[in-house]
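Trainee: Heads up: the protein sequence lines correspond to chains A and B, in order. Numbering-wise, my numbering puts 212 at position 212 of the first sequence, and it's gapless, one number per residue. Numbering-wise, my numbering puts 457 at position 457 of the second sequence, and it's gapless, one number per residue.
Rather than coming from a laboratory, the hints here were simulated on the basis of the structure. Do not rely on the hints blindly, as some may be mistaken.
Claimed, not checked - Simulated crosslink set (DSSO-like; lysine-lysine; CA at most 30 angstroms straight-line):
id, chain 1, residue 1, chain 2, residue 2
1, A, K105, B, K304
2, B, K301, A, K37
3, B, K275, B, K56
4, A, K105, A, K330
5, B, K123, A, K105
6, B, K304, A, K330
7, A, K330, B, K48
8, A, K105, B, K244
9, B, K244, A, K330
10, B, K207, A, K330
11, B, K275, B, K244
12, A, K105, B, K301
13, A, K37, B, K436
14, A, K299, A, K146
15, B, K275, B, K207
16, B, K436, A, K105
17, B, K436, B, K48
18, B, K435, B, K207
19, B, K123, B, K52
20, A, K330, B, K301
21, B, K52, A, K105
22, B, K275, B, K304
23, B, K244, B, K207
24, B, K275, A, K105
25, B, K436, B, K56
26, B, K52, A, K330
Spelled out, the chains give:
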Amino acid sequence: MELNVIWFILLTVLFIGFFFLEGFDYGVGALLPFLGKTDLERRIVINTIGPVWDGNEVWMITAGGAMFAAFPHMYATLFSGFYLALFLMLVALIGRGVAFEFRSKEEYPQWRATWDWLIFFGSVIPAVLWGVTVTNLIQGVPIDAKMHFVGTFFDLLSPYTLVGGVTFLFVFIFHGAIYLNLKTEGELRIRSRQAALTSGIIAAVSCLTLVGLTYAKTDLFKSAAAGGALCAAIATFLAAYALVKLNRSGWAFGLSGLTILLTTAGFFLGLFPRVLVSSLNPAWSLTIHNAASSPYTLKLMTVAAFILVPVVLAYQAWSYWVFRQRISGKHLEY
Amino acid sequence: MGDVLLARWQFGITSVYHFLFVPLTLGLSVLVAIMETLYVRTGNELYKRMAKFWGKLFLLNFSLGVVTGLVQEFQFGMNWSEYSRFMGDIFGVPLALEALTAFYLESVFIGLWLFGWDRLSRKTHLACIWLVAFASNLSALWILIANSFMQAPVGYVLRNGRAEMTDFFALLTNSYVLRQYPHTLMGGLITAGVFVMAISAYHLLRKNQFEFFRTSLRLGLTCALIASVLAAGTGHMQAQHVAKAQPMKLAVMESLWETANPAPYLLFASIDQDKQQNSLEISVPGALSLLVYGSLDGEIKGIKELQTQYAQQYGPGNYIPDIFPVFWSYRIMIGAGMWLLALTAFAFFQLRQNRLEQTPWLLRAIFWSLPVPYLANSAGWIVTEMGRQPWIVFGLQRVEQAVSPNVSSGAVWISLIGFTVLYGLLAVVGVHLLKKFARQGPEPANSDNVATTAKEATLWN
Numbered sequence: 001m002e003l004n005v006i007w008f009i010l011l012t013v014l015f016i017g018f019f020f021l022e023g024f025d026y027g028v029g030a031l032l033p034f035l036g037k038t039d040l041e042r043r044i045v046i047n048t049i050g051p052v053w054d055g056n057e058v059w060m061i062t063a064g065g066a067m068f069a070a071f072p073h074m075y076a077t078l079f080s081g082f083y084l085a086l087f088l089m090l091v092a093l094i095g096r097g098v099a100f101e102f103r104s105k106e107e108y109p110q111w112r113a114t115w116d117w118l119i120f121f122g123s124v125i126p127a128v129l130w131g132v133t134v135t136n137l138i139q140g141v142p143i144d145a146k147m148h149f150v151g152t153f154f155d156l157l158s159p160y161t162l163v164g165g166v167t168f169l170f171v172f173i174f175h176g177a178i179y180l181n182l183k184t185e186g187e188l189r190i191r192s193r194q195a196a197l198t199s200g201i202i203a204a205v206s207c208l209t210l211v212g213l214t215y216a217k218t219d220l221f222k223s224a225a226a227g228g229a230l231c232a233a234i235a236t237f238l239a240a241y242a243l244v245k246l247n248r249s250g251w252a253f254g255l256s257g258l259t260i261l262l263t264t265a266g267f268f269l270g271l272f273p274r275v276l277v278s279s280l281n282p283a284w285s286l287t288i289h290n291a292a293s294s295p296y297t298l299k300l301m302t303v304a305a306f307i308l309v310p311v312v313l314a315y316q317a318w319s320y321w322v323f324r325q326r327i328s329g330k331h332l333e334y
Numbered sequence: 001m002g003d004v005l006l007a008r009w010q011f012g013i014t015s016v017y018h019f020l021f022v023p024l025t026l027g028l029s030v031l032v033a034i035m036e037t038l039y040v041r042t043g044n045e046l047y048k049r050m051a052k053f054w055g056k057l058f059l060l061n062f063s064l065g066v067v068t069g070l071v072q073e074f075q076f077g078m079n080w081s082e083y084s085r086f087m088g089d090i091f092g093v094p095l096a097l098e099a100l101t102a103f104y105l106e107s108v109f110i111g112l113w114l115f116g117w118d119r120l121s122r123k124t125h126l127a128c129i130w131l132v133a134f135a136s137n138l139s140a141l142w143i144l145i146a147n148s149f150m151q152a153p154v155g156y157v158l159r160n161g162r163a164e165m166t167d168f169f170a171l172l173t174n175s176y177v178l179r180q181y182p183h184t185l186m187g188g189l190i191t192a193g194v195f196v197m198a199i200s201a202y203h204l205l206r207k208n209q210f211e212f213f214r215t216s217l218r219l220g221l222t223c224a225l226i227a228s229v230l231a232a233g234t235g236h237m238q239a240q241h242v243a244k245a246q247p248m249k250l251a252v253m254e255s256l257w258e259t260a261n262p263a264p265y266l267l268f269a270s271i272d273q274d275k276q277q278n279s280l281e282i283s284v285p286g287a288l289s290l291l292v293y294g295s296l297d298g299e300i301k302g303i304k305e306l307q308t309q310y311a312q313q314y315g316p317g318n319y320i321p322d323i324f325p326v327f328w329s330y331r332i333m334i335g336a337g338m339w340l341l342a343l344t345a346f347a348f349f350q351l352r353q354n355r356l357e358q359t360p361w362l363l364r365a366i367f368w369s370l371p372v373p374y375l376a377n378s379a380g381w382i383v384t385e386m387g388r389q390p391w392i393v394f395g396l397q398r399v400e401q402a403v404s405p406n407v408s409s410g411a412v413w414i415s416l417i418g419f420t421v422l423y424g425l426l427a428v429v430g431v432h433l434l435k436k437f438a439r440q441g442p443e444p445a446n447s448d449n450v451a452t453t454a455k456e457a458t459l460w461n
């Protein structure tokens, strides 16, 4: 297979890993102020992702780094074009990252409440922005013949892309609520199941809207595989919802994860072989060829990725295994 | 301010800020790993308490390094899109490899270390902190490989309007990085050593936890002393290499306008960049040639001659960096390094005489030296980066060619102010927490560190 294609697949894999892992992680953050009624409960909620959130976030950094290495023009156009959106996301993620570490280091309620809200916004804003970004990728953005983004921040916001943002947020919340249901006990466990059921309804409606709008507004469904993946995502989502109803959270988590996988795969398949679509002229789109690095670099990075990604997956999976127990009130680090 | 200048200010502020936390992460991860190794090998609880106490401060610092690092990863694309296009084929590789080999390792195992005290066996837990130490120092290697290419490009060809990699191995063995990396590592170990020494001195002056802080002080001192000696050595080698690789940077570091043989070393200079002269200087004759060549016979090219040479080679233009910040930053770094070398050497002498903990003025001097390694680290980077101007990649791309053409100055103003304010707030909170826990000292010897469940109050209803 051609190296450029392999790298497109690898980039998709990195984004799937990112959305799958950070998905529940953002969901947990978004639910924090609502599910945790007492300080202890909030600490428990945070500690469910305490040992793993940082490792999850590296998937985003790796996706960015890999994009830089494999498709430098995509990295350059996307990051400079979506400048203010990225700035907003970085601010949100900075607040979120330190909040986990700082929150429980002081006792007074105002201190802790401040960091809790930073975790909330630090989870909601990136989730929405990634939804907006992915839908903009498929819809196309104003890119000129020199690969420069010539729009503004507000060009990124349209009803379609906002539906994308809302969908990502609520699917992540659903995914996160199921994760919490798996990782907590007692009252919190009951509440997180309720949260999954409530957020699931909103997620279901927005998912259907998103797929409908994607059909109407973009050329994604020209690719049968991409359209199929999105439809399958709806099916797995509904199955996940039914499993939550039936109290089978383990399976439900697998299926909400599969929903994220299929959605991401669907959007990337719809893009292929483009990496950024120009709304001004199809010929100005960035593709896996005109945006790519040299064959030498692609080959080098392919070898590195094939050796390193499995190793990473292995030890990251092991860390989840070590922290597989439900979180009780004892031994809270955060 | 022009767009280029705005983008440079943002990169400068965010990078210097990020690098306030990085050296401590690099060095302190190693020291905490050593403490825990001592615990596992001797079974002495003192070392476990040391690992936990210094580990807690390490984590506060670590989290600030991680979140400010996010900005670093993204702003090449955000503010320097043309650099990213020109250099992505080369520069993206170490960045991606840094994430794949180091960031995952670091962040997964720091989670295991922090949350795993009761879940992992002693040896596995110890392995976690060593992996964190290894990974953070490995990540420094990757980013310096990337930076070294910007200083001294190797293993590439200009093709398709950009720099393309032809030899990855040449990148890894760039003679620039072989000198820059050890010097940076030593900077990290000095920072960590002085950090541990300073906080220990604070407590020893107050007679708190004598045994705990005496042991900590000794460990910090040993580390800082060895690293200070090696930092001087590697720094010397690095400067000698700069003389060959980037003669303009050396001439600017020394504010040497005219080519000279032998060249003097300036202790002080009043620099007039417009008139291209130093209106006042205090110098040691021949000392620069001696430092660079180990002999009084050696020519050092001056700024004026290099400017003429570069204009011929690269076309008309101004190839002289801002001299004032480079010249003085270099002296601040050397002065700071000398101070720490003298301080640690003297403290070690006092230790051998068994007088270290009984010399209050020395303990105070150690405490007040806490900012010195930070000053040296920042000053060193200012020399490295500002001394490379006007190039972003030496000889290949100039800074003004690298900036994102389609990002408005309004947008850069927003992010520049936003990051600066945010980083300022983080500094206030971070310093507050570091101070609080540094002052508080370690947990008492036999308390079980179970979460303070009893104290939990219902805060929200």
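Trainee: Quick one, are B/K207 and A/K330 close enough, alpha carbons at most 30 angstroms?
Mentor: violated (33 angstroms)
Trainee: Quickly compare the C-alpha distance for B/K52 and A/K105 to 30 angstroms and report which way the hint goes.
Mentor: holds (15 angstroms)
Trainee: Hint check: B/K301 vs A/K37, CA-CA at most 30 angstroms. Holds or violated?
Mentor: Given pair B/K301, A/K37 is violated - Cα atoms ~70 angstroms apart, limit 30 angstroms.
Trainee: For the pair supplied as a hint, A/K105 and B/K244, is the alpha-carbon distance within the 30 angstroms limit?
Mentor: The hint is violated at about 50 angstroms.
Trainee: Taken at face value, is the distance from the CA of A/K105 to the CA of B/K436 at most 30 angstroms?
Mentor: Holds, at about 9 angstroms.
Trainee: Check whether the Cα positions of B/K275 and B/K244 lie no farther apart than 30 angstroms.
Mentor: holds (27 angstroms)
Trainee: Quick one, are B/K275 and B/K207 close enough, alpha carbons at most 30 angstroms?
Mentor: Not OK: B/K275 and B/K207 at ~57 angstroms, beyond 30 angstroms, violated.
Trainee: Check whether the Cα positions of B/K436 and B/K48 lie no farther apart than 30 angstroms.
Mentor: Holds. B/K436 to B/K48 sits at ~21 angstroms (cutoff 30 angstroms).
Trainee: Please work out if B/K52 and A/K330 have their alpha carbons no farther apart than 30 angstroms.
Mentor: Roughly 18 angstroms between the alpha carbons, so the hint for B/K52 and A/K330 holds.
Trainee: Does the alpha-carbon distance linking A/K105 and A/K330 stay inside the 30 angstroms limit?
Mentor: holds (17 angstroms)
Trainee: Do the alpha carbons of B/K244 and A/K330 lie within 30 angstroms of each other, as the hint requires?
Mentor: violated (60 angstroms)
Trainee: Tell me if the straight-line CA distance from B/K123 to A/K105 falls inside 30 angstroms.
Mentor: holds (28 angstroms)
Figure legend: structure checked against the earlier numbered hints; hints not met, in rising order: 1, 2, 3, 6, 8, 9, 10, 12, 15, 20, 23, 24.
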